[in-house]
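K.L.:
So the chains spell out like this:
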Amino acid sequence: MSVLEIRGLQVSVDTENGSVDILKGVDLTIKSGETHAIMGPNGSGKSTLAYSIAGHPKYTINGGSVTLDGADVLAMSVDERAKAGLFLAMQYPVEVPGVSVSNFLRTAATALRGEAPKLRTWVAEVKEAMEALNMDPSFATRNVNEGFSGGEKKRHEIMQLELLKPKMAILDETDSGLDVDALRIVSEGVNRAKANNDLGVLLITHYTRILKYIKPDFVHVFANGHIVEEGGPDLADKLEANGYADYVSK
Amino acid sequence: MSVLTTNYLTPTGREEAWRFTPLKRLRGLHDGSASVDLRHSLITKAALPSGVTFLRENLVPLAASDDVIIERIRGEASETAHLAIAADIEISEPIFLTRSNGSMDSAELSRVRISLGTHAKATVIVENIGETLLAEDLEISLSAGSSLSFVSLQEFDAKTVYTARHHAVVDKDASFRSINVTVGGDVVRILPTVEFTAPGASAELLGVYFATAGQFFEHRMHVDHAVPNAKSRVNYKGALAGKDAHTVWIGDVLIRAVAEGTDTYELNRNLLLSDGARADSVPNLEIETGEIVGAGHASTTGRFDDEQLFYLMSRGISLDNARRLVVRGFFSEIINEIGNEEVQERLMSRIDNELEKAGA
Ligand SMILES: Nc1ncnc2c1ncn2[C@@H]1O[C@H](COP(=O)(O)OP(=O)(O)OP(=O)(O)O)[C@@H](O)[C@H]1O
Ligand SMILES: [Mg+2]
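Note that the protein sequences, when read in sequence, are chains A and X. Each residue of the first sequence is one higher than the one before, starting from 1 at the first, in the working numbering. Each residue of the second sequence is one higher than the one before, starting from 251 at the first, in the working numbering.
Because the hints were derived from the structure by calculation, they are not lab data. Note that beta-carbon positions come from the ideal geometry of N, C-alpha and C, so glycine has one too. Be careful, since some hints might not be right.
Claimed, not checked - Label-pair restraints from in silico Cβ distances:
no.	chain 1	residue 1	chain 2	residue 2	range
1	A	E115	X	E343	33 to 39 Å
2	A	D21	X	R264	53 to 59 Å
3	X	E343	A	E16	52 to 58 Å
4	X	H369	A	G147	32 to 38 Å
5	A	E115	X	E583	27 to 33 Å
Claimed, not checked - Where chain X lies over chain A, by a calculated footprint (3+ residues, C-beta under 8 Å):
no.	segment
6	2-11
7	47-57
8	68-81
9	233-240
Start from the sequences and build out the full structure, keeping to the hints where you can.
P.N.:
As C-alpha cells, then:
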C-alpha cells in the first residue's frame, strides 16, 4: 500500500520575461489502487503538476511538499523518483534519435530492477507487452518515439507503464489523439497495470470518454493553478455538459 | 634519417587553410624541421583475397595538391604503398589495413594508393593506431562503375600527430563512400577531398569525431564538382568535452560552371558536452551554375537536449547512462554505416570511455 501526498505545492516556470507562478498550492492524496481524474482548462497547470512531480528541470518549486510513502520526492533526482515508483506518461513523449526502443527499455528495466533482466525472459516480456498494446514488433528496432504517430507514442508510453511496473502513474492526456480502438487498447493496458500492481493513477484528461474505460474514484477540477472542486465520477459528466465557466472566474 | 629542407612555403597560420591549426603542435611536419625516418607503417592485417594486391611501387601522384605537407611527402618519399583491387571483383568482407612501427622521435612520410578497377566493389578499413608522428598522402582511384567504402579509423594514442590528405578521384558511375572516425591523437588534421572526372559519379563523405581535453581534430573537406550530373553528400558529427578540446570542420563544395545537374548537400552537427571546448564549423558552398538538382548545407552546434535526458531519466536511467545513450545515439547514424559489428562496438565503447574520461 503506497501513498503519494501532495501538499500546498507551489511551482513557477522561468520565462524570458522572468518567473511566472503556475501552481498556487495544490493538495492531493493518491493511494494504491485509486484512480483520480484531473480535468481543467488549457493552460491551468495540469502538465506543470505532472512534470513537477516527475522532476522536470524547467520548473522551480517555491513551496509545499510531495512525498511517496513519507519519502521526500522533491529532494530526489529524476531517476530516483522513477526508482521510488513514480511514472509519468507524457502528453508529448520525447524523440531520442539513434536510441532503439529495445535498448531504451532494457536500460530502463535494468536501472529499475537493479540488475539486467535475463535475456530470454526479457525478449518474451517485451514481445508480450507490445502485443498487448497492438504494437508491431518492428517498433523494437525503431528509435525512441522518432517518427511515431501521436497515437503510437501514447501506446508506447503505456507499454512502458506495463513493463516498468511503477507504484504511481501520472497519465497526462494519454487519451488525446487516440482513435476509438486505440483508446480501448490503451485503457485496457492501464487497467491491467492497476489490477496487477495495485497501481495508483492520476489521470489528466479533457474528455469523459476515457473515464468510461478507466473508472475514476475521484474527479478533481483544476483551474488557475490549483484544485477548485472535488467529487465522484458524476462530476466529470457535469463538466462535460457545463464546461469550466463556473470555475475559471473563481 | 634525414632532415627536410625548407623548399616549400612554410605556413604561418594566417593562410585560410591553416588558420585553425595549432602549428606549434605539428612537431615540425609543416616547416620541415621534423627529422624523417624511412619507415612504412601501413600493413595488411590478414591474407588478402584473390584479385587484391598490396605492394610498394613507384607511382605518379593522381592529382596535384596545394598542401605544403603533401608537397613535402611527394618530394621525400619515392615509394607508394599500393592496395590494388582488380576489375570486376566484388569483395564482401572488409579488407583491413593497420599500423605498425610508430615513433614520435621522427616523422614518417607516407604515400598510399587505393585503386579499384572498373566495376570492382570493396570495403577497406584502415585502423590508424599507436603513438606516431605521421604525415600521409593517401590517394584513391575509382575506375568507372566501381564502388568503394573507405573507412579510416583514427584510434591513435594520446601523443600522436597525424596530418593527411585523403584524395579520391571518382570516374563515371563510380560511387565512393568514406567514413572518418577520429577519436584519438593529440593533433589530427585530415583533408578528405574528392574530384569527379565523369558524369554519374557520386561521393558520400561521412565522419564522426570526439575530442576531449586538449585534443585538436580538424576535418577539411573539399568536393570539386567539375563534371555534370555528379552527386555528393557530406555528413560529419562531432562531440567535444573538456578544456581546450577543439574541433574544426570545413566543408568546401565547389560547383563549377560545367557541373550542371549537380546534387549536393553537406551537414555538420556538433555536440558541446562541457564548457571550455570549441567547435568551429564552416560550410562553404560555391556555385557557378544555376542548372543544378540541389545544393544545400547545414551546420549546428548544441548542447545536450534537456528534454531527452529528462525523458530517459524519468524511466529510472541515471544521468550518466542517459548521456551515454544520447551520445551513442547521436553517433550511431554514422558508426552503423561501417557495416562491421565488431568495429562498431569497439568504437562505441571507445566513445563511452571518452565520455567517462571527460566526466561530461
Ligand atoms: N516555458 C514556459 N514559458 C512560458 N510559459 C510557460 C512555460 N511553460 C509553461 N508555461 C505556462 O504555464 C501554464 C500552464 O501550462 P501547462 O502545460 O501546465 O497547462 P495544462 O493545464 O497542461 O494545459 P493543456 O490542457 O493545454 O495541456 C500555461 O499558461 C503555459 O503557457
Ligand atoms: Mg497539459
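K.L.:
Each hint needs a verdict: does it hold in this structure or not?
P.N.:
Right, here's what the structure says about each hint:
A beta carbon spacing of about 37 Å between A:E115 and X:E343 agrees with the range 33 to 39 Å that was offered as a hint. Take A:D21 and X:R264: their Cβ atoms lie about 55 Å apart, and the range 53 to 59 Å holds. One distance hint, 52 to 58 Å for the beta-carbon pair X:E343 and A:E16, holds here, with the actual separation near 56 Å. In this structure, X:H369 and A:G147 meet the distance hint of 32 to 38 Å, their C-beta atoms being roughly 36 Å apart.
Between A:E115 and X:E583 the CB atoms are about 31 Å apart, so this pair conforms to the stated range of 27 to 33 Å. Counting residues of the segment 2-11 of chain A whose beta carbon lies closer than 8 Å to any beta carbon of chain X gives 0, which falls below the threshold of three, so the coverage claim is violated. Only residues whose C-beta sits within less than 8 Å of a C-beta in chain X count toward coverage, and the segment 47-57 of chain A has 4 of them, enough to reach three; the restraint holds. Using a Cβ-Cβ cut-off of 8 Å, 4 residues of the segment 68-81 of chain A lie near chain X, which meets the minimum of three, so the contact claim holds.
Residues of the segment 233-240 of chain A lying with their CB closer than 8 Å to a CB of chain X number 0, which falls below the three-residue condition for coverage.
Violated hints for the displayed structure, listed by number in ascending order: 6, 9.
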